[in-house]
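S.K.: The task is simple: from the sequences and hints, build the whole structure.
2 protein chains.
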Amino acid sequence: MTDDTHDPARRSWVDSANRLGCDFPIQNLPLGVFVPPGDNRARVGVAIGDAVLDASAWLPGETLNAFCALPAGQRADLRKEWVRALEAGAAPRPLFAQTDCRMLLPTAVGDYTDFYASIHHATNVGKLFRPDNPLLPNYKHVPIAYHGRASSLVVSGTPVRRPNGQLAEGKFGPTRELDYEVEVGLLLGPGNDLGSPIAVADARQHIAGVCLVNDWSARDVQRWEYQPLGPFLAKNFGTSVSPWVVTAEALAPFWASAPPHDVPVLPYLQESPSGALDISVEVWLRTPAMADAVRMSHGQFKEMYWTPGQMIAHHTSNGCRLRPGDLIASGTVSGPGKENRGCLLELTSRGTDPVPLPDGETRTYLQDGDEVTLTAHCERPGFARIGFGSCSGVVLPAIGLG
Amino acid sequence: MTDDTHDPARRSWVDSANRLGCDFPIQNLPLGVFVPPGDNRARVGVAIGDAVLDASAWLPGETLNAFCALPAGQRADLRKEWVRALEAGAAPRPLFAQTDCRMLLPTAVGDYTDFYASIHHATNVGKLFRPDNPLLPNYKHVPIAYHGRASSLVVSGTPVRRPNGQLAEGKFGPTRELDYEVEVGLLLGPGNDLGSPIAVADARQHIAGVCLVNDWSARDVQRWEYQPLGPFLAKNFGTSVSPWVVTAEALAPFWASAPPHDVPVLPYLQESPSGALDISVEVWLRTPAMADAVRMSHGQFKEMYWTPGQMIAHHTSNGCRLRPGDLIASGTVSGPGKENRGCLLELTSRGTDPVPLPDGETRTYLQDGDEVTLTAHCERPGFARIGFGSCSGVVLPAIGLG
Chain A
57 MTDDTHDPAR RSWVDSANRL GCDFPIQNLP LGVFVPPGDN RARVGVAIGD AVLDASAWLP
117 GETLNAFCAL PAGQRADLRK EWVRALEAGA APRPLFAQTD CRMLLPTAVG DYTDFYASIH
177 HATNVGKLFR PDNPLLPNYK HVPIAYHGRA SSLVVSGTPV RRPNGQLAEG KFGPTRELDY
237 EVEVGLLLGP GNDLGSPIAV ADARQHIAGV CLVNDWSARD VQRWEYQPLG PFLAKNFGTS
297 VSPWVVTAEA LAPFWASAPP HDVPVLPYLQ ESPSGALDIS VEVWLRTPAM ADAVRMSHGQ
357 FKEMYWTPGQ MIAHHTSNGC RLRPGDLIAS GTVSGPGKEN RGCLLELTSR GTDPVPLPDG
417 ETRTYLQDGD EVTLTAHCER PGFARIGFGS CSGVVLPAIG LG
Chain B
57 MTDDTHDPAR RSWVDSANRL GCDFPIQNLP LGVFVPPGDN RARVGVAIGD AVLDASAWLP
117 GETLNAFCAL PAGQRADLRK EWVRALEAGA APRPLFAQTD CRMLLPTAVG DYTDFYASIH
177 HATNVGKLFR PDNPLLPNYK HVPIAYHGRA SSLVVSGTPV RRPNGQLAEG KFGPTRELDY
237 EVEVGLLLGP GNDLGSPIAV ADARQHIAGV CLVNDWSARD VQRWEYQPLG PFLAKNFGTS
297 VSPWVVTAEA LAPFWASAPP HDVPVLPYLQ ESPSGALDIS VEVWLRTPAM ADAVRMSHGQ
357 FKEMYWTPGQ MIAHHTSNGC RLRPGDLIAS GTVSGPGKEN RGCLLELTSR GTDPVPLPDG
417 ETRTYLQDGD EVTLTAHCER PGFARIGFGS CSGVVLPAIG LG
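Note that the protein sequences, when read in sequence, are chains A and B. Position in the first sequence (from 1) plus 56 gives the number in our numbering. Position in the second sequence (from 1) plus 56 gives the number in our numbering.
If you are wondering where the hints come from, they were derived from the structure by calculation, not from laboratory data. Keep in mind it's a predicted model, so treat the numbers as computed, not measured. Treat the hints with care, as some may be off.
Identical copies carry no separate label here, and so any pair may be met within one copy or between two of them.
[As the list claims (entries may be wrong)] In the DSS-like style, the derived pairs of lysine-lysine whose C-alpha atoms are separated by at most 30 Å in a straight line are:
#, residue 1, residue 2
1, Lys183, Lys196
2, Lys183, Lys227
3, Lys394, Lys183
4, Lys227, Lys196
5, Lys394, Lys196
6, Lys136, Lys394
M.R.: Quick look at the structure:
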């Protein structure tokens, strides 16, 4: 539900927040955990324009987990207080420049789940591995997911080291098929007790905020290891998370219709319309030879086959416990066109069709020194543009096998 | 390495610890987290006979994570202090009766990994699902594993609710194929930084202790959901963990030769001999109609294809971070004979060959009210018998689908 905090006419006394195209206008107010300059203490902050407001008076602690645990009504009340503190006319307060702050992971993630919710991604990947049988028979019935590793989550800006691994029978060494995956991450709200499912109609209240996730993947390792229990070392060497969490309240104007299903879903997954979130995501690549990053793809989160509410309802349908601050990533956000393919595996047809880059460079998979940056935003007529900041990481060379 | 703490001649001033067949003699001294009667504060304790020694003076806090983080040398020093405090001749101290204490999970598990290390289990299961191709081509090269869900771990004694789930296309309801899996759990020691592998030669130092794990599974859900990303809701509705952690120090006498491999492994997995742990595990079932539990199977942990050291070396070979107190479960401990099959899927050939029980009962899969109990012990001439206590859980009926 939108309210007057979403009024696009609102302005802030922080000038940078009022600039056209700013990710963090007063209608956004994402939360993050930052360490201010000259200090060592992590604290919760609100991003406004290019600045950070210390929010530790409202939210003590070094993570957003306590915020996530609040009922949706209390989260909305806090948003109103921050709007009052930052809107034009309010007394200016001390702020930190974002560029001076060190960002940390927004929550202590108890468990990290990765879905596979884009039918375009599943079909594209399926075609490469199983040309005769691209989309598995369960896809349109079961929201497929697996558990990732919480200990491998790193905040945007952390370099990611190319992993060593088994690339095929008898072959161990640095992955030759290092890939990114652009994903949307849901940070869980109050959650549930073990044994108590969350109904699809209630699921949206359990999303505290949304961030960006780069699920770095080693495709050669994945191909060799994934049968029969799924990806493991191909994924758990590093997963990047954007530092600024766009709250569920800021996203209220951007719920949209999910794409129609041609196969009916079971009752526990049947959702009222507008279960999708309208977020545009982009992937940018900068090689060491490039001055500026180039856009590799753009995708629409609202085109995912499974919605956030369906993911949560499915995840808890067996009683599985979700805790405040847990991370549910969507899986690669891909769309119908080549320009919508959210990972190199798809974009280069498994490394067979290199992507041309400026100045004659090409890529099949990532090379050392490449920097991948994810961005995202929401736009809708009558509302302010809401940005997600960015999620980036540079590839470091593999460690030697001394 | 064994030392004089393993001397089988040692006796305790706690009489019950000196009884033949006792799981917790003075040579064992497993650790757990308990809440004593008439109190609410969880604390660390040492099990001795049928009693508990409050160990919070040595190990403050409400979990064993700080203990796990200690270097192996410091863990050994603590063991010596507990031996001194509890051996015959020392001044008696106040103890709690184990039956009066409420046990909690031993560690706050950051991440829970489940391996698939028994080639007997993998072959038996493979035969049922892929008769033409029982053992996948990667099995003898890659120690297969997947991530489980930390939030679903429960301590022994917690009832486990039969999950609802998608049993097949268009079918949602309580699982009809609820199974147990007997596994051995490693609780991680100091661990590693992200990006820094643990060499197989060092891996054993990163095991702080060992426990029992029942990886409850819904086989119908698993069959329908597991392609292509592995098991998810078939597993994450509940996983039981035994409360008493047998320390690495207590297990020192029980390292043994691993079974020979007919296919050479890559150098990063090549281990000196005696990488296996000689632990006998048993599964017991008590239906509501039975007065006493009946033994369903027994297995030898030392017969696993992959050893604890190989699991840790493989897990971190890509730089994946292991944190103190993390749980690595072995996968079902099965052996070559029918009496060694560690889950009902194997034991009943996928539900087609019911197991006879006393008084004319039979089981294919678990029924509501059934209680599954895992036990384990180590025995070797010249050393005291070391027990693991038990890991049990009763099946509750599924919640209604209101």
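S.K.: Hints first: check each against the structure and report whether it holds.
M.R.: Right, here's what the structure says about each hint:
With identical chains, the CA atoms of lysine 183 and lysine 196 are at most 30 Å apart both within one copy (16 Å) and between copies (28 Å). Taking CA atoms no more than 30 Å apart as the test, lysine 183 paired with lysine 227 passes in both settings, with 26 Å inside one copy and 28 Å between copies. With identical chains, the CA atoms of lysine 394 and lysine 183 are at most 30 Å apart within one copy only, with a shortest distance of 14 Å there and 41 Å across copies. For a Cα distance limit of 30 Å, the shortest separation of lysine 227 from lysine 196 across copies, 13 Å, qualifies, whereas the shortest one inside one copy, 36 Å, does not.
In this homomeric assembly, lysine 394 and lysine 196 come within 30 Å of each other (Cα to Cα) only inside a single copy, at 22 Å, whereas the closest approach across copies is 38 Å. In this assembly of identical chains, lysine 136 and lysine 394 lie within 30 Å of each other by CA distance neither inside one copy nor across copies; the values are 42 Å within and 65 Å between.
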